[in-house]
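Using the hints, put the two chains back together into the complex; each one sits in its own frame.
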Amino acid sequence: MKKFVNDPKNFVPEMLKGIALANPKTLKYIPEYNLIMRADIPISNKVSIMQGSGSGHEPAHVMAVGRGMLDAACPGNVFAAPPADFVYQTTKLVASPKGVLHLLNNYTGDTMSFNMGREMAEAEGIEVRTVTINDDVAVKDSTWTIGRRGVAGNFFVMKATGAAAERGASLEELEALGNRVVAVTRTMGMALTGCTPPAKGTPIFTLAEDEMEMGIGIHGEPGRKRVKMAPANEIVDELLEAVASDIPYKAGDEVALMINGMGGTPISELYLLYGYAHEQVEKRGMKIKRNYIGEYCTSLEMAGFSLTLVKLDPELEDLLAAPAEIAIRVF
Amino acid sequence: MSKDVEYVVRLIANTVFENEQYFSELDGVVGDGDFGYSIARGFEKVINEWDTIDHSLPGNTLKGVSMKIVGAVGGVSGTVWGTAFLRAGITLGTKTEITQQDVIAMFRSAIEGIKKRGNTDLGDKTLLDALVPAVDQLEKSFNDGKDASTALDEAAVVCRQAAEATRPMLAKRGRAAYTGERSIGTLDAGAVAMAVLFEAVSKAWKE
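Heads up: the sequence lines are chains A and B, in that order.
Note that the first sequence covers residues 1 to 331 in our numbering.
Note that the second sequence covers residues 1 to 207 in our numbering.
In isolation and in its complexed conformation, chain B is listed as follows (with noise of 0.2 Å):
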């Protein structure tokens, strides 16, 4: 099951390597341009010293994978997905073998940590109003008896309509709110990331 985590993890890793110029440059339209640079620099920490993550368990790995993104990675990048791989990692716990349910559970946590951290929630033009609809379409393709490939596909068409629909909303959070109206017409980087990464993945577990 470890395996399966850090398959994931490397995929992550390596989507977010292929879009670092993209993610930049959507970040740069209202907030500073850095998104996508910053974190790239934490998954090459990830993945640069792999091996000094404790890997006993995979929980442990989401924890150690957390840890070195919020040693490198700055800010609103590094202290949300090092929140959010550390709540999923917690979730987990002691766990060895990760169910569907599991799934959701880690992603439910590490959604509430992403709130809390950031005092913000759905409707601030953030990631969140990509991936808490992603994930309530996870759950329900799960709940209707799809296998994994097909919920997951149908989470990254639903993720992506999402992160689409950022495009009309203002900006509560983050650098990109001092632009006020101008973030309007602007999609929102993180949102953009989650389709992103959700398309990956599901096109990941087809092959």
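This is chain A alone, in the form it adopts within the complex (with noise of 0.2 Å):
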């Protein structure tokens, strides 16, 4: 393993000091329960939005805590869902009279931690929603198994509930909305490379030189198939055929397309796969009216790339235009 770590164990409260450090007037870090928050919260006039999951994905979701995105996130070690206490915790810290919205990637683990610690905020009597993402393609969807991860797409989640709570939005509203913004987001992934997390120390898996693992959910746990290597715009057709064709659009549809690298892809590789997926969408007769290209939500240092397609509506495209300032950039 080569990584900047000092020890293992301290690697996610190092990176948090690092966030905190460098956002004194707008960021709040409390060690205890790994929670980054908004330093103005609660607003008593506002919904408190909060995600976690595991760390390493960054800059999922620690990073996306500012005005106009989340109020707080209480991320586990990395790849490891917060414990149900941070969940409480954080809740209630961040409770305001309008209530408190959980966003959760639909991974077991994250659902029964934010299950659990809604429960023990309910017993306090703090009103609590929660807008399950699911819009992972590469995973069957049945009654039998635990349903579509949530992976990339969460961005358009956290952007569109943020910013509809800055507005004022009450839970229901932004419950609906968020679940709204789920149906009409469609994402899938794959990966050149495996990760290492710093805990463990060797790759979670290895693909061969010629290898690349289609389908991969943000721990680059499998979905798909493994396949031999193809040339970039074979992948973009795949992945996009994968989407596209889950929600059935119509010439003329209005869409935002976002790439997203997954950590250890060059953002001109990057762009180079954006031109040509923006052909391809825009040759099925889509309207790309917004456009994502860089790191959203990623798996540490994996090379990869997901593409995410999101349906469009006048309201909701103004919502992913408002403003909102998070750590890592202003929009």
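In case anyone wonders, no lab produced these hints; they're calculated from the structure.
A portion of the hints provided could be inaccurate.
[Stated by the list, open to error] Partial pick of chain B residues on the chain A-facing surface, computed with a CB cut under 8 Å:
(1) Gly71
(2) Gly82
(3) Gly118
(4) Arg173
Ideal Cβ placement from N, Cα and C applies to all residues, glycine included.
And the structure:
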């Protein structure tokens, strides 16, 4: 393992300390619960929005905390859901009279931690609603599995609900909005390499020089198949077909297109992928109204990318375009 | 009676510490390989902060153990083990003596809690597939008038067989579920942990 690490056990706290020191006016860091929260919340006439998942997906979600997006994030260790107690304590600290919205990616661990944390908070009279994000088309959805995973599409849910919360939306309205965004967002990802969680010290999987894994989740867990490497355009074709065929699009639909890097793919390659993806999306008769190219939800240093399409309507487009200010960038 | 609860909790903790690497390796075949590490950190907090737990009643001790685990361990392991200890503690309530019936009732309540928390049941390739048959056997052995040592022995044997029987199953919960068919042919880490723990308790009881 060749990484910038002191003691692997302190990997997450040391990262969080960096975020806090870089944003002293806007963010507050509470080490006990791995908690990064806006310094100015709770705000009495605004619903508070929080998400927590494993670490290792940065900027999701600790660097997505700020005005117009999340109010708080309480990550667990690398690739491990936060303890239920973190969820409970965070919910209490951010609770406003208008309630708390939990956003969570549909993984078993996150779901169980958030459900338990929510029950503990509700027992104290805090009103909580949950939006479960499951934009990944690589996993078959059925009643006997845990269903589709939440991956890079979570960005659009954070952004839209964050903007609506700033405008005074109620908890019920935000829950409905979040579910509406999930319903129009589809993603599929792929990996060229594995990645190494610091505490593990070895890669979670290895791919031969001529292999790639199609349909990965955000921890590199498998989805569809391991196949031989192919030219970039063919990979885009496969991901786009999987994503676009999942929602019945019609010519004239307006969309947002995201090419999300998994952490180890240079921005040059992401733009190379975007260029072809853009052409192909327009070839299908869709109109690209907003685009997102860069790192939004990563798997440590994994090389690879995911492609996300969001079907827009004027209200959603407006929410996505609304101002937001987070640790990594100002929109 | 609180001493007995303390003894069993410390025995579980030590067994988890001894098997940390083994449990993680089992989990690493199709899961994410952190089961041993996660649960060991939970029991580390339990043991390190033992004196901060309210030990006025056995039930309180168990509830306190639960809170330490859900304060330290994320996701499936933390909520499943935390829920189990919490349910066991609630079931004991204010009792100061623990009968054989109480032991079975604690296990049954813990099992129901895990099913509800994980939206899961027998056959999903989880720890329940080893725990439930073991508790069934324990209850049967108690009802047959066996002494505690023999009953635990018999339950441990059944638990191990049931854990082995998870090998051909298809994982339907947790991150192993994404591997689909690839999960067939591997042991469920949680089920094996149940067998290891039952064997440890059974062995210790004899001594």
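Consistency of the hints with the structure:
Checking Gly71/B against chain A: minimum C-beta separation of about 4 Å stays under 8 Å; hint holds. A distance limit of 8 Å between C-beta atoms decides the matter here; for Gly82/B the minimum to chain A is near 7 Å, and the interface restraint holds. Because the smallest distance between the Cβ of Gly118/B and any Cβ of chain A comes to about 6 Å, under 8 Å, the interface hint for this residue holds. Because the beta carbon of Arg173/B sits about 6 Å from the nearest beta carbon in chain A, less than 8 Å, this interface hint is met.
The structure agrees with every numbered hint stated previously.
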